[in-house]
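Using the hints, position chain V against chain A.
Each chain is listed here by its residues.
There are 2 protein chains.
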Amino acid sequence: MPERIVVIGAVAAGPKAACRARRLLPDAEIILLDQDDIISYGGCGIPYFVSGDVADEKELCSTSYHMVRNPDYFESAKGLMVMTRTRAESINRKKKVVVVTDLESGKQQEFSYDKLVIATGSRPNRLPVPGSDLQGIFTISNLHKAVAIKEKIARGQVGKAVVVGGGAIGIEMAEALTDLWGVETTLIEYMPQLLPGIVDWEIAGMVQQHLMENNVDVLTGEAAMEFVGDEKGHVRKVVTGNRELDADLVIMAVGVRPRSELARDAGLEIGPLGGIVVNRRMQTSDPDIFAAGDCVESLNLVTGKQAYAPFGSIANRQGRVAADNLAGIPSQFTGVVGSFIMKVFDRCVGATGISLDTARREGFDAVAATTVQTDRAHFMAGMALIFNHMVVDRSNRRVLGLQGFANMGDGLMARIDAAAGMIARHASVSEFSNLEMAYAPPFSTAVDVLNSVANIADNICSGRMITCSPREFVEWMDGKVEHPDWMVLDLRHPNEAVPWAKAYPDRWYALVYNEVRHKWQEIPRDRTLILICNAGTRAYEMQLFLKSKGIDRTLVLAGGLNLIRRLGVDWWIDA
Amino acid sequence: MPERIVVIGAVAAGPKAACRARRLLPDAEIILLDQDDIISYGGCGIPYFVSGDVADEKELCSTSYHMVRNPDYFESAKGLMVMTRTRAESINRKKKVVVVTDLESGKQQEFSYDKLVIATGSRPNRLPVPGSDLQGIFTISNLHKAVAIKEKIARGQVGKAVVVGGGAIGIEMAEALTDLWGVETTLIEYMPQLLPGIVDWEIAGMVQQHLMENNVDVLTGEAAMEFVGDEKGHVRKVVTGNRELDADLVIMAVGVRPRSELARDAGLEIGPLGGIVVNRRMQTSDPDIFAAGDCVESLNLVTGKQAYAPFGSIANRQGRVAADNLAGIPSQFTGVVGSFIMKVFDRCVGATGISLDTARREGFDAVAATTVQTDRAHFMAGMALIFNHMVVDRSNRRVLGLQGFANMGDGLMARIDAAAGMIARHASVSEFSNLEMAYAPPFSTAVDVLNSVANIADNICSGRMITCSPREFVEWMDGKVEHPDWMVLDLRHPNEAVPWAKAYPDRWYALVYNEVRHKWQEIPRDRTLILICNAGTRAYEMQLFLKSKGIDRTLVLAGGLNLIRRLGVDWWIDA
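Order-wise, the sequence lines are chains A and V.
Residue 539 in the numbering used here sits at position 539 of the first sequence, and the numbers go up by one each step.
Residue 1142 in the numbering used here sits at position 142 of the second sequence, and the numbers go up by one each step.
Next up, chain A with everything else stripped away, as it sits in the complex:
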């Protein structure tokens, strides 16, 4: 058993590994060091601290039983030796020592180790464009930055802000600035959609529309090319390809990268994404050195490729596995699926596994099923629509991913969490169809939305259901794509459908669902029918019926008009 364990980095993975090691190895000497003076904080809580939902930064550093997790706490309660403001400079693997600098005194010192844990985390990217080092441009890299941002706003110095980067942190920060502080905020994402690589276009579109409804200006497909400052060196403008935006504050949230230099310089293996390479026991290429958290790469269990998953939750799990193994317990961390959830004002968005775009790029024969359904029994107060989008490998019916959009609450998380373990185990569509979701009317529906979306995926994989994606439909209605042979067959109640048929007489035909079996012969047959209802269910049923009558040029609008409405299209007609 190791006599001395040194842990470098004391935010998430590091303290977890150190505390677990302490419990497993009561007699070992355990040293936890960090270059910062604030340690063991909930970094994912930073946007909620900036927004004011969390009043004091100390709350992010406290236990649930109200002890501040400072060095004193770790020493007295946890029995660790903690050194803050202490930077690890190098690792001498032959001598098994870490060379550190005391940042207060500047003095250098060596710590010998039997086992070493590297938990050096990540650092935020900065755009390589002019002015990106101006004052007033912040990354969300630690609690000091968060305090500085909040103080700047509280002093009334921020009227307008620009958030660069439409990933999770960028969106959370845009909400934080707008919601509590009323800062005029613009969110810029250089990809054509928000949350690129995480969710597909339809889900991202609903997020974008909801942000705009809540006074966040969102610009997608637009890059920050330059930051312009005033004479004092403070940022005043953000220049994109299309415009100039005034800004008293810029949040740069363009991703993070592994802080792996210490490991690299020590000759440890570094992966293609810049993270430290570890095996399932969180062991680096040196068996006495473990690594965990944002500084390592992981295996993506869906693609089978290396992935970078800098999440606090994963850091904690990896820290535990590292501690187990340095204490001789053969635990494993097998990989990641990318489970994700976030609040966006009154809505939430989540995902696990991979998106349709990613799946196709990775060479899967992938299709998507999109559904909208009530999140609980439609007769219960408080019910709301929940949107789900399942990505499936058509060749073997394996589920590759699930995404969703819903009202703020834990209902979407329930479906994401239920899917995560199944996707990690390569479960098939039929296993999702029969997944035994807990049911009672205040919580869900007899056929849960997760079962439904799998049923739809089954119908698609079997060739029974042929869909038109919301994106294709919107592009057609927007006039971006011509489909002269398309016509809508609107199956909704005449009160809903007829105003649309009047507004778009050249492309819209209304015939209510429960009359199709009697009146199908009246339907024009010269064009491909885009079958439309609110959710897609009635449209699918009529697709099968019409096919049995020889009308087989039909496409079901996936997700129905309920989804389209949430995209904020300008040709929407309220009926």
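Bear in mind the hints are in silico, worked out from the structure with no lab data behind them.
Even for Gly, the Cβ is constructed at its ideal location relative to N, Cα and C.
Among these hints, one or two may not hold up.
To be verified - Each computed DSBU-like pair below joins lysine-lysine, with the alpha-carbon atoms no more than 35 Å apart:
#1 549/A with 1078/V
#2 1058/V with 502/A
#3 1078/V with 547/A
#4 1502/V with 547/A
#5 78/A with 1305/V
#6 58/A with 305/A
#7 547/A with 1095/V
#8 547/A with 305/A
#9 1502/V with 519/A
#10 1095/V with 502/A
#11 150/A with 160/A
#12 1305/V with 1145/V
#13 1095/V with 549/A
#14 1058/V with 549/A
#15 58/A with 1549/V
#16 58/A with 1519/V
#17 78/A with 1519/V
#18 1502/V with 78/A
#19 1549/V with 96/A
#20 58/A with 1547/V
#21 58/A with 1096/V
#22 1145/V with 547/A
Unchecked claim - Residues of chain V placed beyond 12 Å of chain A at every Cβ, according to the derived structure:
#23 1073
#24 1109
#25 1132
#26 1158
#27 1196
#28 1221
#29 1239
#30 1270
#31 1334
#32 1365
#33 1464
#34 1506
Same frame as chain A, but now just chain V:
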């Protein structure tokens, strides 16, 4: 392909099978029959209709797009032939005909079939005690009964009610009567706890206490022995072994049994639990006859034994599989794990898999891990405690079940749903430790409660953590069990712990958690120490520390005092 399909029973499994069959077999003739005139209703919504949450019974019979699911709807929209008030009397398997009676005219008729689906559902049990057929005693068997109950209350005829049966329906009905109508309600359960066989004592105890806080009188371990009526034959009293209870209304919710006589009389195989035996394709012992829903038995995927799972959600899944197979698609319904969730006033309770009691009765070497944790980041507004209880087979670390209790919302469901699919696939504790639950501070914690409870189960299975169950602790404090060698070591903050040490000087010793490493030598060593904190986490840490110092007669109070508080014990001290 079958030319004529007859489906007997039109509540859940029947309509699902008929509608799916219609989509798969556009040319088949499909006849759906039921002896009732109300069909295709959400039976699970009945308590919410009685409570008034659902104003009109029609809402329980409507689609989410506001069409009433009556025979007209099924005929025009779905293309089925529907016959209500039509009772199936017998099946002649040789002739392949069903003999039916028109309950209006009394006329008998025969329907030939190529394939038959039996979806005859369940019937409620009645206690075999005197007076159980008095007026005013209702089972919750169909919507007519529900309407009658609601009308009776609305007419002001119910001041006091007794609900017999502390399962899910009994609890839901007790809440419905008390909450909206203010009826003085007593809930009787003859087993020593509520929800017997579904959750363990600790979880049931929190449910019971919450019911009592909301003015439902709960009597457990007490059986209804007789119902006494007035001269008009209306129930007035319920006699138990211990007392007489006045009652203007009695709800008898003592379980349901499969309605399988039609199948039995036709010579189809019936299982040990009285349900129709089906294979994974929902085929009975006659390959042309399928069965689905509350009338069949299922395989329990945890125990490997036959189970009876009369849930609307399962009925829907089975109906779909039956339809697939009669259309030649080889779908399978592999079995059940018993996922369950219910609202109880401002709380909810849920479970999946089997309880500790059941596991031990079934011969598993089972242990339980119990934990309490904040359901989302402790620094977020709206966070609340969530209690989880995981049942594990110690011999192979397979997870057998998960239960929980939480504030009303979808957070508990997220953990139950995440566990259900894993338990069905016989996942191990370590797979639960690493299950990638979606994390953001407004939704969950970096180490999700489901990961935590698995980590605790791992520590228990490894012999690192040795616990005392809340039940053992309560029985000791209640004086029901003597443990002269037990003493509490209370690790909480002195503000919390010292009042208890003063109140119970013979059995309570206070030493705050973060001083144990310095002051452990002061702790009395003559007795077994029951290590106590609010959640169990600090107690576990100190168990390991004390063991390293040679103090190994310690037990961690599982779930800590946070759980004990929710049981409403009369020796609780508010500090």
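Holds or violated: residue 547/A with residue 1095/V, Cα cutoff 35 Å? holds (34 Å)
Are residue 1502/V and residue 78/A close enough, with their CA atoms no more than 35 Å apart? holds (28 Å)
Can the restraint linking residue 78/A and residue 1305/V be considered satisfied, given a maximum Cα separation of 35 Å? violated (46 Å)
May I ask you to check that residue 1132/V keeps its beta-carbon over 12 Å from the closest beta-carbon of chain A? holds (27 Å)
Just to be careful, I want the Cα atoms of residue 1502/V and residue 519/A compared with a cutoff of 35 Å; is the pair within it? violated (83 Å)
Mind checking the alpha carbons of residue 1095/V and residue 549/A for me, to see if they're no more than 35 Å apart? Within the cut-off at roughly 32 Å; holds.
Just checking, residue 1334/V versus chain A, shortest CB gap more than 12 Å? Violated, since 7 Å does not exceed 12 Å.
Quick one: work out the minimum CB distance from residue 1158/V to chain A and report holds if it exceeds 12 Å, violated otherwise. holds (23 Å)
Check whether the Cα positions of residue 1502/V and residue 547/A lie no farther apart than 35 Å. violated (80 Å)
Between the alpha carbons of residue 549/A and residue 1078/V, is the straight-line distance 35 Å or under? holds (15 Å)
Going by Cβ atoms, does residue 1073/V stay more than 12 Å from chain A at every point? Per Cβ check, residue 1073/V is inside 12 Å of chain A; nearest 7 Å; violated.
Hinted pair, alpha-carbon criterion (35 Å max): residue 58/A, residue 1549/V. Please report holds or violated. holds (34 Å)
Hint compliance for this structure: hints 4, 5, 6, 8, 9, 10, 21, 22, 23, 31 and 33 are broken, all remaining hints hold.
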